[in-house]
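Residue numbers (numbering that gives the first Met the number 0), protein chains in the order written: chain A, 0 to 98; chain B, 0 to 129; chain C, 0 to 123.
Be aware that a few hints might be false.
As the list claims (entries may be wrong) - Pairwise CB distance ranges (calculated):
(1) T90(B) x M75(C): 28 to 36 Å
(2) Y76(C) x E56(B): 53 to 61 Å
(3) S72(C) x I103(B): 27 to 35 Å
(4) T50(B) x N54(C): 40 to 48 Å
(5) E89(A) x T90(B): 47 to 55 Å
(6) R94(B) x Q23(A): 23 to 31 Å
What the hints assert, rightly or not - Incomplete in silico selection of chain C near chain B, CB under 8 Å:
(7) K8
(8) V9
(9) T22
(10) V29
(11) A34
(12) N39
(13) E79
(14) F113
(15) S116
(16) V119
(17) L121
(18) S122
The set of hints was computed from the structure by calculation and includes no laboratory data. These numbers were taken from a predicted model, which means no experiment stands behind them. Glycine included, every Cβ here is placed at the ideal spot set by N, Cα and C.
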Amino acid sequence: MTLHIVNRSPTQSDALDSCIRRAQPGNAILLIEDAIYALLILEQLFSKYQKLSQLEIYALAEDVTARGASQWCTEQIRLVDYQGFVALTEHYPSSLSWY
Amino acid sequence: MNYTLNILSAPYSNQSSDTAYQFAKAVLARGHSIYRVFLFGEGVYNANHLTCSPQDETNKFQRWSDLAHEFDIDLVVCVASALKRGILDQTESTRADLNQYSTIPPFDISGLGQLYDAIAHSDRVVSFGR
Amino acid sequence: MADNNVTKKVLILCRNAPYGTSTSREAIDVALAGAVFEQNISILFLDDGVYQLLNDQQSDAIMQKNQTKLLDSLEMYDIEQLYAEYDSLKNRGLHAENIHSATTILDSTETSAFISSHQVILSY
Numbered sequence: 000m001t002l003h004i005v006n007r008s009p010t011q012s013d014a015l016d017s018c019i020r021r022a023q024p025g026n027a028i029l030l031i032e033d034a035i036y037a038l039l040i041l042e043q044l045f046s047k048y049q050k051l052s053q054l055e056i057y058a059l060a061e062d063v064t065a066r067g068a069s070q071w072c073t074e075q076i077r078l079v080d081y082q083g084f085v086a087l088t089e090h091y092p093s094s095l096s097w098y
Numbered sequence: 000m001n002y003t004l005n006i007l008s009a010p011y012s013n014q015s016s017d018t019a020y021q022f023a024k025a026v027l028a029r030g031h032s033i034y035r036v037f038l039f040g041e042g043v044y045n046a047n048h049l050t051c052s053p054q055d056e057t058n059k060f061q062r063w064s065d066l067a068h069e070f071d072i073d074l075v076v077c078v079a080s081a082l083k084r085g086i087l088d089q090t091e092s093t094r095a096d097l098n099q100y101s102t103i104p105p106f107d108i109s110g111l112g113q114l115y116d117a118i119a120h121s122d123r124v125v126s127f128g129r
Numbered sequence: 000m001a002d003n004n005v006t007k008k009v010l011i012l013c014r015n016a017p018y019g020t021s022t023s024r025e026a027i028d029v030a031l032a033g034a035v036f037e038q039n040i041s042i043l044f045l046d047d048g049v050y051q052l053l054n055d056q057q058s059d060a061i062m063q064k065n066q067t068k069l070l071d072s073l074e075m076y077d078i079e080q081l082y083a084e085y086d087s088l089k090n091r092g093l094h095a096e097n098i099h100s101a102t103t104i105l106d107s108t109e110t111s112a113f114i115s116s117h118q119v120i121l122s123y
């Protein structure tokens, strides 16, 4: 059970794309730092990757707020704060950072 | 749980080391302990004590130093990554016949064995890079 | 608490090309250290990381250490298998004959399973 942590903007880097392709059902993806810009193209991402509906998707609230992206949060994404980030690492025995 | 943080990017230039610091504080707030913070690659620049921050900004060297003192955290700087980037403590500086050094305790320059030791002794290993 | 008696399976995940940045070289340093300390490590090349596996690299003129020689040195410490993802190779126009002979090529399902079979994943 793996927590995938992505920190690059999906329109600048292939990190998120790479992550999604290798993630397994039951894994989680946490968007942090510039990766939260994925919220702005969520529709596109869910159309492109059927797999996303089998993954838990989280975004770091502080990074979303910092970037003015709050209005793009939908119920497909769960917002967590830094303690929530830690809670995710408690739950998922291994983490894999994509950058 | 015991955590090890593996930090691969430099402060100021990238957000990752800020994220790592916030994560570290949250780990401690949730009652866990941090076994080691391992600085590797560009991450060794977090150990540069010649960091001078503007008055209205956090000193990114000092904050790790303060956290390590308060919570007894082992801050290890990978020797291979550090030396070639000019991050030397007093010992390494003398060894290299130089008259300046750029890092001080609680940062400790050591080898990659410390990363594997940390992996063996930690329940969770999280990497922060760019 | 962590069980110190069981050596964890560690995966060194290489996603970066050699020479343009130091990341790929430092990743192999991590792998070599793991081998020296008799850790249970594997190395997987993904995405641009597969460029590290190209044969015929001659890096003297750009004043850098040869990445192939670095990979070859892993063998001295009993890391004889390198793993690479088929799609990463294919998307870059690469085939088995272009790359390091000690490479085992995994399809995408095998790659995902390989990644999750490791307790600790260090990505470079």
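Exercise. Should the interface hint for N39(C) be scored as holding, given a Cβ-Cβ cut-off of 8 Å against chain B?
Worked result: violated, 10 Å
Exercise. Holds or violated: is the Cβ of S116(C) closer than 8 Å to a Cβ in chain B?
Worked result: violated, 16 Å
Exercise. Has the hinted range 23 to 31 Å been met by the Cβ atoms of R94(B) and Q23(A)?
Worked result: About 47 Å separates the Cβ atoms of R94(B) and Q23(A), which means 23 to 31 Å is violated.
For this session: Grab the minimum C-beta distance from S122(C) to chain B and call the hint holds if it beats 8 Å, violated otherwise.
Result: holds, 6 Å
Exercise. Close enough to count: is the Cβ of T22(C) nearer than 8 Å to one in chain B?
Worked result: holds, 7 Å
For this session: May I ask you to test the hint 53 to 61 Å on the CB atoms belonging to Y76(C) and E56(B)?
Result: About 44 Å separates the Cβ atoms of Y76(C) and E56(B), which means 53 to 61 Å is violated.
Exercise. For the hint on V9(C), does the least C-beta distance to chain B fall short of 8 Å?
Worked result: holds, 6 Å
Problem set entry | Proposed interface contact between E79(C) and chain B, which counts if any beta carbon pair is under 8 Å | At 20 Å from the nearest chain B Cβ, E79(C) fails the 8 Å test, so the hint is violated.
For this session: Using the Cβ atoms, figure out if E89(A) sits within 47 to 55 Å of T90(B).
Result: With a Cβ separation near 38 Å, E89(A) and T90(B) fall outside 47 to 55 Å, so the hint is violated.
Problem set entry | When the least beta-carbon distance from V119(C) to chain B is tested against 8 Å, hint result | Because about 5 Å separates V119(C) from the closest Cβ in chain B, which is inside the 8 Å limit, the hint holds.
Exercise. Regarding S72(C) and I103(B), is the given constraint of 27 to 35 Å on their beta-carbon distance met?
Worked result: holds, 34 Å
For this session: Mind checking the CB of F113(C) against every CB in chain B and telling me if the closest is under 8 Å?
Result: At 18 Å from the nearest chain B Cβ, F113(C) fails the 8 Å test, so the hint is violated.
The structure shown violates the earlier hints numbered 2, 5, 6, 7, 11, 12, 13, 14, 15.
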